[in-house]
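Undergrad: Take a look at the letters that make up each chain.
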Amino acid sequence: MQSDGAVLRMRGISKRYGSVTALQGVDFSLAAGEVMALLGENGAGKSTLVKILAGLERADAGTIEIGGVLRRLRSPSQSLHAGVAYVTQELSIVAPLSVAENICLGSDRHALWSRRRLDRVVRRHLDLVGLGDIDSATPAGDLSVAQQQLVEIARLLSRNARILILDEPTAALSDAEIEKVKAVVRTLAAEGRSIIYVTHRLGEVFEIADRVTIFRNGHSFAPMEVKSLDVDRLIEHLLGRRLEQMFPERGSISGPVVLALRDVTAPGLREPVSFDLHKGEILGLAGQLGSGAAAVVRAIAGVTPRLGGTIALHGRPLDARSVRNAIAAGIAYCSDDRKRDGIFAVRNLFENFTSPALPRITVGGVLSRGREVKLASDLAAFFEVARDRLGSHAGKLSGGNQQKVALGKWLGIEPSLLLVEEPTRGVDVGARAEIYRHMRGLANQGLAVVFVSSDNQEVLGLADTVATFFRGRLVRITAAEHLKPEELLRDVTHPEAVAAGGPA
Amino acid sequence: MLRTSIRSFGLPLRGLAMAAALLSPLMFGHSAARAESKGLLVVFMPPGTDNYLAQWQKGARAKAKDLGYDIKIIESSRDQAEQDSQVQQEIASGEKVSGYIWWPYVNAAGTGSLRALSKTGVPVVFTNQYPIPGTEKFWTAYAGVNDFLNAETAAKALVKACAESKTVKCNKGLIITFPAGYSAGSDREKAFRKAAPNLTVIQSQPSGFMAQEGYKTASQIIPAHKSEITWVYTENDSLADGVIQALKENGLQPGKDVLVVGGVCHGDTTNLLNGSLIGTGVQAAFLEGWSSVQSTYKYLNTKKVLDGAVYLPDDPNKPPSDDGAPHRYNFIPNPWVTNAKADVDSFKLWGYPFKELCNY
Amino acid sequence: MTSFRPIADVAGAGSGGEFDPRVATRRRRVATAIVIAALVVLAGIGGAFTPTFLTFDNLLVVIRQASITGVIALGMSYVTISGNLFALSAEELAILTACIFGWLMRAKFGLALSLIATLLFAGLGGAVQGGIIALGADPIITTLAFGGFFRGLASVVSQNQNILLGTDAAQWLGTGRPLGVPTQSWAFLILTPLAWIVLQKTRIGRVLVLAGANRAAARSAGLRVGQAALLGLTLLGLCCGLAGISAAAQFGQAVANLFQGLNFDVVAAVLVGGIALRGGQGSPIQAALGAAFIALLQNFMLLNDFSSGWRMTVVGSLVALATCLFHILQRRRE
Amino acid sequence: MNRREAAIDLGVRAAFMALVYLAFALQLPNYYTVHGIAALLDGAVLIGTVSIGVGITMLAGEFDLSVGSLAAVTGVVVIKMVGIGIIPSLIVGVLFAAAIGALQGLIIGVLGINSLVFTIGSLIGLRGVALILSHENSVTIPIDQLSDTDFFTTPLLGVFSPLSAGMVIVFVVAGLFLRFTRWGREIYAIGGGRTEAKAAGVPLLRPMIIAFTCSGALAGLGGAVLSLRLGSATPLGFDTLLLSAATTCLMGGIALEGGRGSVVGIAIGLFTLRFLVTGVASLGAPYYVQNLAAGGLLIVVVVVQLLATRHRQRRARMTLALQPG
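Protein chains in written order, with our numbering: chain A, 1 to 504; chain B, 1001 to 1360; chain C, 2001 to 2334; chain D, 3001 to 3325.
It is worth saying that the hints were derived from the structure and are not from the lab. These figures come from a predicted structure and were not determined experimentally.
Which chain D residues face chain B? A few, computed with CB under 8 Å, are given here:
{"id": "1", "residue": "T3033"}
{"id": "2", "residue": "D3042"}
{"id": "3", "residue": "G3043"}
{"id": "4", "residue": "L3131"}
{"id": "5", "residue": "E3136"}
{"id": "6", "residue": "S3232"}
{"id": "7", "residue": "P3235"}
{"id": "8", "residue": "T3240"}
{"id": "9", "residue": "A3281"}
Over 10 Å on every C-beta distance to chain B, these chain D residues come out as not near it, computed from the model:
{"id": "10", "residue": "I3107"}
{"id": "11", "residue": "V3110"}
{"id": "12", "residue": "V3172"}
{"id": "13", "residue": "T3181"}
All C-beta atoms in this analysis are idealised placements derived from N, C-alpha and C, irrespective of residue type, glycine included.
Next comes chain A alone, as it looks inside the complex (with noise of 0.2 Å):
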């Protein structure tokens, strides 16, 4: 064991999947009871690296010593005896298990589960992580996201790892629930735990990381102390260029209204909501989980049902009970879950990128070639995908690729508007900022635009009016350009404090 006290050293870890190299022979290390960040874009290598730390992947190369023992990681199991627990970027809830089971679940502590003994076992983690009021015995899949994520993060804590591994593990949550989560890591961190936290919130890295280790193209860079760093000195790591250059320049608004809200209410609203929306016009909805943003574009799209007040496009009264209508109305919908329902994964981008067009590549039932050819191609011309990529499956492109597959498609039906939920979730840096510049492109061309953010950097770069929302309340509508972020950042948080600021 090396006298620097570390419990964690990777060698030369590669891995790759396919042609694409993943890792590129990457050492990294960690220290006991300190807090390492990861960071870098998607496609970097981190997710990879953790997970061939968690069991989930084999590397191809390279060595693994954990507390100066060489070890086998094989399998999740293997690595849990190892001291290594992870969380992952997705849930590991098992839906029709109770609370307490999920908890146990994997550990092989006990191997008789009697309701009355689990609970015993996990109520101290529940009170541990704010979730002491619920019963244990509770089926997992009626908690919300937000408490199954913190159901996870009790399991990593009756896990009595050494080393914990964090996988973007806010990606999902409102703030009250993330800030319990940055208690419970610097609690752990504390104990002498050693974590290792996934991010894209850079925010984060310096509010509980000691040291941040950066991932760029399958290589990872030397730790750098937190301490020694500010957040536009990290960006330049991350990125090698600067944040200003990742938005594109606003135009001028002047169309006529595209959409019009008048009261209306939603689930997932608890006051009615009213705003207009011009022709070539970005809005961006910003608010956290539950803040009834995504509430409101889900509505317009005919995903939920309205409840009450009107809807118009193009002052003609719009009444979308389904998904089909939101399209046959010229409204295209992107979620803000395209592994789910964005893309087909199995399919190649021909197929993917025409697939709500099929109408127009059509001529009396059957397809024609050349029109899906000619369609597919310029869509993927005008998203800069590249050519040869038409033929490979949609699942084989990276998330940023994806996420212009998802949004490109849908120009096939040719929109007059334009609803996007989370537009960058799981895109690397650099992909988002193309993203910004196609999505800003096609509002210069005419079209209408709306978005949901969680991102308020997002909200304040790209949109042209930002309104904001708090549990289930819009709270103010302003122009971007005169939003503050610390105003939005108070709008979203909690717009008590400025209650008087704003119309709603």
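Assemble the complex: chain A is given as a structure, and chains B, C and D must be docked to it using the hints.
TA: Same frame as chain A, now just chains B, C and D:
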């Protein structure tokens, strides 16, 4: 909250009511017929989805009605375990039964259930499947076909037809049997080989019961043996229908180049009448059911069983008498009918014409 | 009203420009290639061991054997590709349609009317199941339930008797040999490319594939996902109807215990053809090849006098091995 | 579906079962005599035992199609070995079947292949093995030894024979195992969320092997016991077992997608079906009425379940975003 969830489950409740309504006609259809009668006969048999078994049921019902008995036919699925459970259920019902008629789905596997039936003290008449040696103490009488006789008759007819034929000199041939594992099939095959020792069997292939299955098997084997086949024995005429079609497709003329014998009239008579079959045996399912009930009745009437086997007379016009005691083995006749139209038209057995006995 | 049109009109586009989607997707036809290779190898081995195996006559026999299973497997491949696993009621629907066709013919409705009515019924039988599945019911349970029900109905229609059609009018449908090839084989040979074309080249076929690939994405792209199950099951029903009619016509009779074990034969064909169970991938041609391969293997074993026990063991092992092989290939590619 | 809804669901199914029972009990006195109930229980043993195995694989999100063929093979093996004694041969038979089940679980688990697909192969292949082992004939035990297995069905405790008591024990053990042990809950876990369970550190192979070993062993147990009791085995036997067992589980509310359902549900499904099938047969109605009734009943269950689910989904859609915020 509770109220909403009860409302959501109102649907299943409505479904229940629907299901109950569906079931109720089934419930009340049956008990009405139980008027004054001499007693109840209970038959256990495989499902009547097979047309032979359905025909058997007709015969049994007709004779039971004739004799003034009620008859209840309990059909099992294609599963000996299910039939066994039905036997247990029936015994447990405490229903007053005058006689059981037993047709096991798998003969050997049915012995346990047969034994259970015999323990009730009610007479048990075995039918269709030739009883396994050693089970004699469990049953009262056997009434039904004789698979050995049946195959023997077919074999003899084939040998005779071969001798008479001017166009074929019989030596090599094929046997197409019932499915592998079906005991009547292996019984027939054994008896056939024994009765026609001079015929060389190129291939014996398990197939099925229906023409389609016979065709499927034959159409694949025949092309390979086209030049050498002189005869084909199938275990019933439906299989033979399939074989005949396959022969024709391979340019062989049944009756002229190849002699085909099925041995049991089953299904259709077209191929018999056009000479493709050399003839057929009238092993009538209707008469088998009929005589099973009769044998039961005869025992109930006399409480006696005569030793040995008897072949019920193949009188064209008169069915066997209801009087007297049954024998231990009561085989229904299996008279041979040639493929001459006159022969077929004039044929009668126990007062029933060929058409009625063979077309089902 | 203004619409957004960043993309030039595609209606005037030529035959495909410089991109050929086929080039890009060619490497994904591995499964098909494997089955074809296996067919060739088997034929080679068979030819070497059994002199009559590779004769024209025998190959015709093999195609004839593959036909009924193959035609239904085409329909089944639609069900599988549309993401609805399997229909376990194909056998029963085929029996029922055979009985209905027999009944109609016996009742002297005439050939044309009987044919149309039977096929309508077969389509309807499929469509009802498809409709229920489209509403969200599990395909396996639904078809299991309807299977039992159809079987019962077949007994009711036939009264458990052999229904004799009593006329030769339909005979040609079952025994005809235009150009020396049996009608069933014609149906198989014609329907296979047709099924491929419908799936590959028509809008509804595309909807079916996309719905199978990702139901949620298809729904949110505004496609009618329900159509996929409905189309798949309806076409399967029609295929079953064809099989039933052909069986009834072949011997001029229909009875309620035809087609024993057909369900699993068909599923085996689909699997040996390498169609992935999760949907959205594969083509009817693979199902056809699977059916042909099993028929060829069965024929080889029959000619070499394998006992039925060995034949079943070999076919069963083949299905297990083939599915494992395709699964591993699939996984490696991902 | 939360806990209360699950309980209501089970209640509705139980009420349905009671309704079917009553419908037939009105017509058939043996539905409420001791002997009659004993016979009903004995008649349910085979399907009940096998259904638990099939149910366990369904809970794991898998489906074992090979149970009927495996029961037939085991029956043949046991009868051929009966010379070593009834109980020893029974044990050997069950171990044999369990081993085959474990092997299937291993292959399915290691390859991650869909079991519905894989077991179609074993469904066909094992039937072939049964034919080979039996030389395509029924195998029997000597007739004078038939009474050796009488104790199976001799009444033991009221309505229970050793056989039906054995089935009850299997039900209870399986229920306790699934409910109160880690290994049992892992089966639910991989059925309720395969990737989630894997991410949580459940070794997928273990529950998979356990589930298929259970279904293999229980199919073997059913096949062996029934064959011993009948004194013979036929390679073509147990042909309808798979469909009966699957129908039982589905009627009992075991979700095909895995993770939901209980042994109590299987018992309810089992007796709903047995009351119906036995009742129809006891009334002397033709076999096709069984088909119509069982098929029709299952259609009703499917449609009702569908409507209830859609209703629930509609409600969920309305309240989807109404989470406390």
